[in-house]
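So the protein lines, in turn, are chains F and H.
Under the working numbering, the first sequence is numbered contiguously, ending at residue 336.
Under the working numbering, the second sequence is numbered contiguously, ending at residue 246.
To be clear, the hints were calculated from the coordinates, so they are not data collected in a lab.
Virtual Cβ for every residue (Gly too), placed ideally from N, Cα, C.
Please note that the accuracy of each hint is not assured.
Said to hold, decoys possible - Some chain F residues near chain H, calculated using beta-carbon distances under 7 angstroms: (1) 43; (2) 93; (3) 96; (4) 102; (5) 109; (6) 117; (7) 281; (8) 283; (9) 284; (10) 302.
To be verified - Below, in silico cross-link-like pairs of lysine to any residue (SDA-like), each with a Cα-Cα straight-line distance of 20 angstroms or less: (11) F:84 with H:49; (12) F:84 with H:128; (13) F:84 with H:2; (14) F:164 with F:84; (15) F:84 with H:215.
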Amino acid sequence: MKNNQRDDHLVTTAAASTPAAPNGEVNAGIATATVEIEHLSKWYGDVVAVSDVSFGIGAGVTGLLGPNGAGKSSILKVLAGLLKPSAGEVRVMGRRMRSDVELFRRIGMVPEQETIYPYLTGREFVRWNASLQRVSDLDSATQRALTTADLGDAADRRIGGYSKGMRQRIKIAAALVHDPDILVLDEPLTGTDPVQRVHLIRLIQNLGNAGKTVFVSSHVLHEVERLADRIIVIVNGKLAAVGDYRAIRDKIDEHARTIRVKSTNDRGLASMLITTPHVASVRIDPDPLSLVVEAEDVRAVYRLLPRVAREHDIRLFEIAALDDSLASVFAYVTQR
Amino acid sequence: MILATFPTLWLTLRQFAAGRATRVVAFFAATPIIFALVYLFNSGGTTANEFLGVVFNEFLAPTIVPLATLILATATLGNELSDRTVLYLVLKPIARWRIIVEKFIGACIVTGVAFIIGIFITWALVAFGPEMPKSAVLPAMIVSALFGVAAYGAVFLFFSLVIPRALLVGVIYILLWESLLARYIPGIRVLSIRHFMQSIFVHWINDPKVTIPQPTQMGSAIIVLVAVVIISLILASIRLRQMNLD
Chain F
1 MKNNQRDDHL VTTAAASTPA APNGEVNAGI ATATVEIEHL SKWYGDVVAV SDVSFGIGAG
61 VTGLLGPNGA GKSSILKVLA GLLKPSAGEV RVMGRRMRSD VELFRRIGMV PEQETIYPYL
121 TGREFVRWNA SLQRVSDLDS ATQRALTTAD LGDAADRRIG GYSKGMRQRI KIAAALVHDP
181 DILVLDEPLT GTDPVQRVHL IRLIQNLGNA GKTVFVSSHV LHEVERLADR IIVIVNGKLA
241 AVGDYRAIRD KIDEHARTIR VKSTNDRGLA SMLITTPHVA SVRIDPDPLS LVVEAEDVRA
301 VYRLLPRVAR EHDIRLFEIA ALDDSLASVF AYVTQR
Chain H
1 MILATFPTLW LTLRQFAAGR ATRVVAFFAA TPIIFALVYL FNSGGTTANE FLGVVFNEFL
61 APTIVPLATL ILATATLGNE LSDRTVLYLV LKPIARWRII VEKFIGACIV TGVAFIIGIF
121 ITWALVAFGP EMPKSAVLPA MIVSALFGVA AYGAVFLFFS LVIPRALLVG VIYILLWESL
181 LARYIPGIRV LSIRHFMQSI FVHWINDPKV TIPQPTQMGS AIIVLVAVVI ISLILASIRL
241 RQMNLD
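So that you can see chain F by itself, here it is in the shape it has in the complex:
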């Protein structure tokens, strides 16, 4: 279950490039921002990784979405104080991140990088993190975090022998051991198997529901869809859109040009559709067996399909926009 109230509109590039107002739209539909990023830029020599990005995030799960190399990791690293911003400022709970190490008591971060001390067991690693966070009861905090991350017996094995998914979970356990208010996760689902993925998604949603500020980066749209209602879209280091995931989804549906249709009689349906002025072309896709419709007016095709199917006694199993790949989302939100 997604936890966040829906933002009725999508803020795209023009509005998103304005500074983060305390209660403004670029705060991704939240009333009070726990993390405020203002006019953030980060460049490496001549390469601009992040360009004048402003937004705020608050309690609940917020997704940071963007293709590889878009600047997501740079934003997270600046947020965590690992990188010094070239321009702009990051404030966490109203305090400057890079100059205030005590803020790390309030933050848990799961970095993207996989390497963890291979000579430690999972339990030792989490316990060590608890000690650095000055947790009073190391043993119980460690056990609680390990249970939350569902490490099981693997906790007492050396991390050097862990799978990629187990490494992700031990990193999450370590980030949760001090019960932080803010959790920053850089591509947390990478390398996890489907079962682990379901578990981690539920865990992240539960943390958001519990009132924690959870900021999750991903380059996979359907991951973010399952994790967060609010998303921040980054493209080429710039803020492309901030808002509710479903608002973006709605826009995609409105503007989609290609539709996949599965029915009991694809050929019959194709012959009917091609005669209408709303359809540019129709083809049969063998894998999966379906009809791919290029629409002139996609809304008209959506209205037309059930009527044509009913009239010719054809059952429809699925109607899906094919343009909702991540690339299409970015193309859409950046072209507006």
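Start from chain F and add chain H according to the hints.
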């Protein structure tokens, strides 16, 4: 206990306990034992004091102590920077200077223990020989070596934060500066850590046959080495605080 109080030190000791670098350091620290065994069989008319003085002044101080310390001091944070596990340290509410100090102490403990054991066995073997060395020789060797470990450790730890190939640069520095130039060129001598280590040693054993050119007074030598440690650790802390950990 160590984990709860000094978590970075605990990690450093675990890191070295599992690492190949520690075995290399142990090998370096054990090399004087080979010379002691040779001495046992053929002293060549050299007194025990003279022999141990040569081992320290010509072998341990200019080459072995700095090389062994270089390996662990550059590895203590350098490895974590290269494999990026340093993120797990710096993303914590812990002051950068404390990370540096605990890392430094960890490297010094492992290197220091290796040299204490190596020097003690060397001294014990020589003591089995034709004559007993002066009682001051063993503590003088150990304490001087430990001062050297501390000074080199702090300098090389700082190197590892500012130079990408700190190990290679450190080897060149040791072989070119400490072992060659500072040994033979009088003006450069006082600009080497080795000189102050040897000064402590020769003043402590107080044997006219075991000396170095223009030794610095023991108190001054100690002050210089302590200053080197403090300045290097401060610079390393500043550097770690300012680093972009990408």
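Checked hints:
no.: 1; hint: 43; result: 12 angstroms, violated
no.: 2; hint: 93; result: 13 angstroms, violated
no.: 3; hint: 96; result: 14 angstroms, violated
no.: 4; hint: 102; result: 5 angstroms, holds
no.: 5; hint: 109; result: 5 angstroms, holds
no.: 6; hint: 117; result: 6 angstroms, holds
no.: 7; hint: 281; result: 47 angstroms, violated
no.: 8; hint: 283; result: 47 angstroms, violated
no.: 9; hint: 284; result: 49 angstroms, violated
no.: 10; hint: 302; result: 47 angstroms, violated
no.: 11; hint: F:84 with H:49; result: 56 angstroms, violated
no.: 12; hint: F:84 with H:128; result: 61 angstroms, violated
no.: 13; hint: F:84 with H:2; result: 32 angstroms, violated
no.: 14; hint: F:164 with F:84; result: 29 angstroms, violated
no.: 15; hint: F:84 with H:215; result: 47 angstroms, violated
Going down the numbered hints, you'll see the structure goes against 1, 2, 3, 7, 8, 9, 10, 11, 12, 13, 14, 15, while the others check out.
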